[in-house]
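Peer 1: Using the sequences plus the hints, can you model the full thing?
These protein sequence lines map, in sequence, to chains W and R.
Here the first sequence stands for residues 2 to 409, numbered as in the working numbering.
Here the second sequence stands for residues 2 to 409, numbered as in the working numbering.
These aren't lab readings, by the way, just hints derived from the structure by calculation.
Among these hints, one or two may not hold up.
Because identical chains share one entry, a pair is satisfied inside a single copy or across any pair of copies.
[Stated by the list, open to error] Okay, derived cross-link-like pairs now, DSSO-like style, lysine-lysine, Cα gap no bigger than 30 Å in a straight line: (1) 57 - 276; (2) 65 - 304; (3) 319 - 72; (4) 159 - 371; (5) 367 - 276; (6) 384 - 284; (7) 304 - 138; (8) 182 - 319; (9) 159 - 362; (10) 367 - 159; (11) 371 - 276.
All values reported here derive from a predicted model rather than from experimental measurement.
Next come the chains, spelled out residue by residue.
Protein chains: 2
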Amino acid sequence: MEFYQKMDKLRIAQTNKYNVFRCLIRNGPINRAAIARMTNLSIPTVMTITAELLDKGVIRSIGKGESSGGKPPEMLELDPRCFYCVGVDVGRTTIRLIATDAASGQVAELQELTGNPLPARDFISRIGDLVLNLMEKGRIAPEKIVGIGVAMPGLIEKESGRVIFSPDFEWTEIPLKHWLKEKLPFTILVENANRALALNESYFAGDGEPTHTAFTVNLGHGIGAGLVLGEELYMGAGGTSGEIGHIIVEQGGPLCMCGNRGCLEAVASGDAIAKKGRAAMEKGEAEGIYALCGGRGEEIEAKTVFMASERGDQAAMKIIDDAAEYIGIGLSMAINVLDPDRLVLCGGLMRNDVSFFEKIKASIEKHKMKQTGRQLVITRGIKGENSTAAGVCRLLLNTLWRERSLPI
Amino acid sequence: MEFYQKMDKLRIAQTNKYNVFRCLIRNGPINRAAIARMTNLSIPTVMTITAELLDKGVIRSIGKGESSGGKPPEMLELDPRCFYCVGVDVGRTTIRLIATDAASGQVAELQELTGNPLPARDFISRIGDLVLNLMEKGRIAPEKIVGIGVAMPGLIEKESGRVIFSPDFEWTEIPLKHWLKEKLPFTILVENANRALALNESYFAGDGEPTHTAFTVNLGHGIGAGLVLGEELYMGAGGTSGEIGHIIVEQGGPLCMCGNRGCLEAVASGDAIAKKGRAAMEKGEAEGIYALCGGRGEEIEAKTVFMASERGDQAAMKIIDDAAEYIGIGLSMAINVLDPDRLVLCGGLMRNDVSFFEKIKASIEKHKMKQTGRQLVITRGIKGENSTAAGVCRLLLNTLWRERSLPI
Numbered sequence: 002m003e004f005y006q007k008m009d010k011l012r013i014a015q016t017n018k019y020n021v022f023r024c025l026i027r028n029g030p031i032n033r034a035a036i037a038r039m040t041n042l043s044i045p046t047v048m049t050i051t052a053e054l055l056d057k058g059v060i061r062s063i064g065k066g067e068s069s070g071g072k073p074p075e076m077l078e079l080d081p082r083c084f085y086c087v088g089v090d091v092g093r094t095t096i097r098l099i100a101t102d103a104a105s106g107q108v109a110e111l112q113e114l115t116g117n118p119l120p121a122r123d124f125i126s127r128i129g130d131l132v133l134n135l136m137e138k139g140r141i142a143p144e145k146i147v148g149i150g151v152a153m154p155g156l157i158e159k160e161s162g163r164v165i166f167s168p169d170f171e172w173t174e175i176p177l178k179h180w181l182k183e184k185l186p187f188t189i190l191v192e193n194a195n196r197a198l199a200l201n202e203s204y205f206a207g208d209g210e211p212t213h214t215a216f217t218v219n220l221g222h223g224i225g226a227g228l229v230l231g232e233e234l235y236m237g238a239g240g241t242s243g244e245i246g247h248i249i250v251e252q253g254g255p256l257c258m259c260g261n262r263g264c265l266e267a268v269a270s271g272d273a274i275a276k277k278g279r280a281a282m283e284k285g286e287a288e289g290i291y292a293l294c295g296g297r298g299e300e301i302e303a304k305t306v307f308m309a310s311e312r313g314d315q316a317a318m319k320i321i322d323d324a325a326e327y328i329g330i331g332l333s334m335a336i337n338v339l340d341p342d343r344l345v346l347c348g349g350l351m352r353n354d355v356s357f358f359e360k361i362k363a364s365i366e367k368h369k370m371k372q373t374g375r376q377l378v379i380t381r382g383i384k385g386e387n388s389t390a391a392g393v394c395r396l397l398l399n400t401l402w403r404e405r406s407l408p409i
Numbered sequence: 002m003e004f005y006q007k008m009d010k011l012r013i014a015q016t017n018k019y020n021v022f023r024c025l026i027r028n029g030p031i032n033r034a035a036i037a038r039m040t041n042l043s044i045p046t047v048m049t050i051t052a053e054l055l056d057k058g059v060i061r062s063i064g065k066g067e068s069s070g071g072k073p074p075e076m077l078e079l080d081p082r083c084f085y086c087v088g089v090d091v092g093r094t095t096i097r098l099i100a101t102d103a104a105s106g107q108v109a110e111l112q113e114l115t116g117n118p119l120p121a122r123d124f125i126s127r128i129g130d131l132v133l134n135l136m137e138k139g140r141i142a143p144e145k146i147v148g149i150g151v152a153m154p155g156l157i158e159k160e161s162g163r164v165i166f167s168p169d170f171e172w173t174e175i176p177l178k179h180w181l182k183e184k185l186p187f188t189i190l191v192e193n194a195n196r197a198l199a200l201n202e203s204y205f206a207g208d209g210e211p212t213h214t215a216f217t218v219n220l221g222h223g224i225g226a227g228l229v230l231g232e233e234l235y236m237g238a239g240g241t242s243g244e245i246g247h248i249i250v251e252q253g254g255p256l257c258m259c260g261n262r263g264c265l266e267a268v269a270s271g272d273a274i275a276k277k278g279r280a281a282m283e284k285g286e287a288e289g290i291y292a293l294c295g296g297r298g299e300e301i302e303a304k305t306v307f308m309a310s311e312r313g314d315q316a317a318m319k320i321i322d323d324a325a326e327y328i329g330i331g332l333s334m335a336i337n338v339l340d341p342d343r344l345v346l347c348g349g350l351m352r353n354d355v356s357f358f359e360k361i362k363a364s365i366e367k368h369k370m371k372q373t374g375r376q377l378v379i380t381r382g383i384k385g386e387n388s389t390a391a392g393v394c395r396l397l398l399n400t401l402w403r404e405r406s407l408p409i
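Peer 2: Printed below as a string of structure tokens:
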């Protein structure tokens, strides 16, 4: 029914207020005449709105600016402390929490090892405690929190905030949002971790330029992706988009956790690289790997294989080269179909030698259709280890903007 | 800058008018009180707008409806003859033209064999003549035409209407829109044929239900696709999206026209099926194909291989089964990444025995990630041979709606 949304006075006033607020976030410090010019509003309208925003304490005056002839104008800017979001990145090895202010700046952070599995309800209760610890650490009053975002690996049902299936935690049908809300009476949003990461990494992706279509891949223990169109995260019809790890790149290849054979994740993820490294050592083909782990197969991680490869171990080099080749094949498929202008490669595998990134780029160049991807720029993720938590904060903020339910 | 678009009186009035017009198209015949209810507008506003639309001749009264107590209300509906679009589908073998009215109903059609290649400028001049013939045939006055849409195979630059690269016509950098406009002084829009088809096929895809994400594949001489999000065609950052024919499904497989090896198009398109049929016959492995073409390899088309397969030729059956298997692998990739709720299979290959469609569905079920595509419905295209031409008319109409430049 949105086609028929009525352009009444209340809606116009609200739209104007959000436009002025956005203008202050993006362009502040700024004077009222400049706001009027940029938002196409009259100066009296801008004066009324800024008075309201000043009164609510969401913006502040920082004194007089430069005069352009008349008396110097008063400069206004967002008060970033007017509200906060909390983002929680629940990972297989680490739980990372951050709080961000209204300007999306990080104001507090907290990390804990995930540790041994707890029953889901206890684990969620622990997440609740960590959020409270973070608020205390950042000295953030509960009434200043506009909501809490939780990023989880796995398949999430958006509306209910249920975790339908998370292989990493062996969870099936867990009402995460419902249980967390019992402990934390805030707006709560649950999202797939790869998508949260994608939103943050593609947001003016490092160089300040907005993108048309950004495809962000998380190359870690597993492989997943997220698609951002304009500034909006793409969800998919059933909430399962981005599963590039389960496209088949080697027919009849190794068995994948998902039940199929030859998935990208089964041949090129961190877990696959470690497994191949182990197998090579056991066949006596990888002296470099043997030397690094002292022959203890269970200690071999993807990192071990990367290190052996850098030291010239032939078997390790082949494993790494094959992984880069397959990742390039998988990403070429996304490029052919989606024609993105930005491809961002993130995750644990990207923390190894930069030659791995270069090899993936070479494989993409070889496997994508020549005429596609004319606008494409390929970069590494640069937003650090809290990027997923920051992404889920951003998603929460975007949702509140769209619903016009910010405390302004 | 659209964030800051001002909600001024003119824009409100225009939005209200387009809402009333849309309500009349979708729900007419309808009375004024019902329009007011559905559009959230006051009855006086609806009266003013309908008076203007009646005056311009874009809607008409069809008499009194049923009374719900008071005096019977006047029933209004769109006058479909208030304006027309022309759609041209320039195909490798046939040029199809249709004219559609304001209700998107087809009012005239024209077909011609593409024939032997002409120089691009002459060929475009011929398209212009065909459009004029169609207008004459349908008795459509030039001033009633809101624009002409042209669907072409190949890579199109949207803004300029240039054909950057069309292997089917061996065109490179042809200013189609510019040259056509010299002959036909109308609004002209040029679009890739697979995308135009996708827009039409996914439009309330056959059962009246709007879709979230519809992925439409054209399985013909080549293989291409189009993505529709909501009611909007997805373009891609550089205008080359939908090239699913050039994802690699058989590493080291046959050489493709694009220069790579093992592309879906090189192993499963109509051309690939014909080529494989020819090779099988030449090796003496396909008696059924030999019987159908009398041993004349150059007469073998995909259709020949399908027919031989239906008659039990083992080599032909394997070629068809392999093609279905590969198409399923390719489409599984799109399903994993995009999570569509609708997949529509169209094109020449779909006009063969329905078992081919069933085999593709079985391959998808086997190769997609089990947990994805929870909302997915897979159908065959049902909108017939003018679907691409109808799609480019729809795209033109959508563009004029968005630009608020319909003659209403």
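Peer 1: Against this structure, judge whether each hint is valid.
Peer 2: Each hint, compared with the structure:
no. : hint      : in the structure
1   : 57 - 276  : neither (57 Å within a copy, 72 Å between copies)
2   : 65 - 304  : neither (55 Å within a copy, 78 Å between copies)
3   : 319 - 72  : neither (70 Å within a copy, 84 Å between copies)
4   : 159 - 371 : between (37 Å within a copy, 19 Å between copies)
5   : 367 - 276 : both (27 Å within a copy, 25 Å between copies)
6   : 384 - 284 : neither (39 Å within a copy, 58 Å between copies)
7   : 304 - 138 : neither (33 Å within a copy, 71 Å between copies)
8   : 182 - 319 : neither (49 Å within a copy, 56 Å between copies)
9   : 159 - 362 : between (34 Å within a copy, 28 Å between copies)
10  : 367 - 159 : between (37 Å within a copy, 27 Å between copies)
11  : 371 - 276 : between (34 Å within a copy, 23 Å between copies)
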